[in-house]
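*Asks:* What follows is each chain in one-letter form.
2 protein chains.
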Amino acid sequence: MVARQGRRPGNPDTRETILQAARSAFAANGFASTSIRQIANAAAVDPALIHHYFGSKEKLFLATVRVGVDIRAKIAEVGASRREDLGRVLIRTLITTWDSDAGISLVAAFRAALADPMTSRMVREFLTSVVLAELAAVMHLAPGEAPQRAGLIASQVVGLITARYLLALEPLASMPVESIVAAVGPTIERYLTGDIS
Amino acid sequence: MVARQGRRPGNPDTRETILQAARSAFAANGFASTSIRQIANAAAVDPALIHHYFGSKEKLFLATVRVGVDIRAKIAEVGASRREDLGRVLIRTLITTWDSDAGISLVAAFRAALADPMTSRMVREFLTSVVLAELAAVMHLAPGEAPQRAGLIASQVVGLITARYLLALEPLASMPVESIVAAVGPTIERYLTGDIS
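From first to last, the protein sequence lines stand for chains A and B.
At position 45 of the first sequence the residue is numbered 45 (our numbering), and the sequence of numbers has no breaks.
At position 8 of the second sequence the residue is numbered 8 (our numbering), and the sequence of numbers has no breaks.
It is worth saying that the hints were derived from the structure and are not from the lab.
Every residue, glycine too, gets a C-beta built ideally from N, C-alpha and C.
Just so you know, not all the hints are guaranteed correct.
[Unchecked claim] Covered stretches of chain B, as calculated for chain A (at least 3 residues, CB under 8 Å):
| id | segment |
| --- | --- |
| 1 | 54-66 |
| 2 | 117-128 |
| 3 | 149-160 |
[Claimed, not checked] Among chain B residues calculated to face chain A with C-beta under 10 Å, some are:
| id | residue |
| --- | --- |
| 4 | 36 |
| 5 | 37 |
| 6 | 109 |
| 7 | 112 |
| 8 | 113 |
| 9 | 164 |
| 10 | 182 |
| 11 | 183 |
| 12 | 184 |
| 13 | 186 |
| 14 | 187 |
| 15 | 194 |
| 16 | 195 |
| 17 | 196 |
| 18 | 197 |
Using the sequences and the accompanying hints, generate a full structural model.
*Replies:* Here it is, written out as structure tokens:
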């Protein structure tokens with residue numbers, strides 16, 4: 001018998017019930033306005049059980065869009081690098097993650113997010129309230145400038161992903177990781193600390 | 001009686017027949033491998049009639065994806081600027097075009113291109129063989145470096161479009177044109193002429 005990967009102990013039906021309730025709630029109200037408690041009520045389970053199965057609202061959201069990457073851990077990895085390496089480490093972590101087996105789930109989720117305005121809204125809220133906010137924190141952006149700088153970084157990162165993985169534009173699609181790091185790292189560096197006005 | 005805009009003289013059924021044949025041919029064989037002659041054969045019309053209705057293979061392609069922007073004219077507009085202004089003029093032309101009424105057709109076509117792998121392929125070929133090749137030419141990129149530099153420019157441009165128009169990420173989505181030009185123009189400038197290795 002082969003053990004299923006990633007399955008936590010407990011009743012698989014309960015896990016699926018929670019996922020379905022979460023999907024409906026995120027789709028109806030967006031990421032930011034949906035609470036674990038609301039999802040627990042809709043699924044008729046104890047909120048503690050959702051924490052037991054999924055750990056956090058972010059991880060539950062990633063499970064609803066079938067993404068098997070711990071984005072918060074990746075951001076912490078970037079944040080652990082030296083200040084002057086942040087731009088290059090961000091691009092290196094991004095590309096190696098999307099190039100990996102787990103990246104397939106990211107490509108599928110991103111394609112869905114762009115195709116459907118409702119999913120776009122969920123993903124936008126998730127990006128803004130979790131990914132960009134965390135990135136701004138680990139990169140020590142000044143609060144007044146953080147949204148604009150994080151947004152500019154997002155514009156380069158999202159474009160790299162769209163061009164390399166969704167459109168498969170050559171030569172970007174088959175460029176080695178370190179060539180991309182060398183070419184795009186300084187762009188991130190400038191958006192982090194350079195003159196942008 | 002109100003004249004229909006953009007309708008050329010001739011039988012509207014013929015125009016629609018050509019468009020349907022073009023859509024099928026581009027979807028089956030991609031943009032690059034499809035010729036006006038093949039489309040003319042499939043539609044059982046003279047190739048000269050396709051030129052009469054649509055002007056060129058590029059314009060026919062844009063009509064099949066319902067884009068009402070003359071992309072070649074926009075690229076020529078960018079190419080007419082002074083060398084040192086190219087980065088900023090590219091971003092200004094891009095954002096003002098996508099912000100305009102005609103931009104709605106671009107957003108719809110781009111969303112479709114990213115959602116469906118078959119359409120992605122057509123759009124990839126169109127971007128590579130027309131848009132990026134033309135940009136490389138008007139920007140006088142050295143042939144050996146042109147694909148990589150054009151690809152990097154594409155990664156920033158595609159990301160700006162995806163973040164501002166498809167994901168509507170704030171503050172990018174409502175940032176004034178000139179703020180985006182000031183922030184992103186120098187990135188394009190570096191991809192055009194800077195050290196990228």
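*Asks:* All hints are to be evaluated individually against the structure, with a verdict given for each.
*Replies:* Now the hints, each set against the structure:
Using a Cβ-Cβ cut-off of 8 Å, 0 residues of the segment 54-66 of chain B lie near chain A, which falls short of the minimum of three, so the contact claim is violated. Look at the segment 117-128 of chain B against chain A: 5 of its residues bring a Cβ nearer than 8 Å to a Cβ of that chain, three or more, so the hint holds. By the rule of at least three residues with a Cβ nearer than 8 Å to a Cβ of chain A, the coverage given for the segment 149-160 of chain B holds, with 9 such residues. With 10 Å as the threshold, the beta carbon of residue 36 of chain B stays out of range of chain A, its nearest partner Cβ sitting at about 25 Å, so the hint is violated.
Interface restraint check: residue 37 of chain B against chain A, minimum CB-CB distance 27 Å, threshold 10 Å, status violated. Taking 10 Å as the C-beta contact cut-off toward chain A, the hint placing residue 109 of chain B at the interface is violated, the least distance being around 13 Å. Hint on residue 112 of chain B holds. Least Cβ distance to chain A is approximately 8 Å, under the 10 Å limit. For residue 113 of chain B, the shortest C-beta to C-beta distance to chain A is roughly 7 Å, which falls under 10 Å, so the interface hint holds.
Evaluation of the residue 164 of chain B hint against chain A yields a held restraint, the C-beta minimum of about 8 Å falling below 10 Å. The beta carbon of residue 182 of chain B is positioned within 10 Å of a beta carbon in chain A (closest approach about 6 Å), and the interface hint is therefore held. Taking 10 Å as the C-beta contact cut-off toward chain A, the hint placing residue 183 of chain B at the interface holds, the least distance being around 4 Å. Hint status for residue 184 of chain B relative to chain A: holds, with the closest Cβ pair at about 7 Å, below 10 Å.
For the restraint placing residue 186 of chain B at the interface with chain A, the shortest Cβ-Cβ distance is roughly 7 Å, inside the 10 Å limit, so the hint holds. Using the Cβ-Cβ criterion of 10 Å, the hint placing residue 187 of chain B at the interface with chain A is satisfied: the shortest such distance is roughly 5 Å. Satisfaction of the interface hint for residue 194 of chain B is found here, the shortest Cβ-Cβ separation to chain A being roughly 8 Å, below the 10 Å cut-off. The criterion of a C-beta within 10 Å of any C-beta in chain A is met by residue 195 of chain B, whose closest approach is roughly 8 Å, and the hint holds.
For residue 196 of chain B, the suggested interface contact is upheld, since its CB lies about 4 Å from the closest CB of chain A, less than 10 Å. Interface hint status for residue 197 of chain B: upheld, as the beta-carbon distance to the closest one in chain A is roughly 6 Å, under 10 Å.
In this structure, the hints that do not hold are numbers 1, 4, 5, 6, in rising order.
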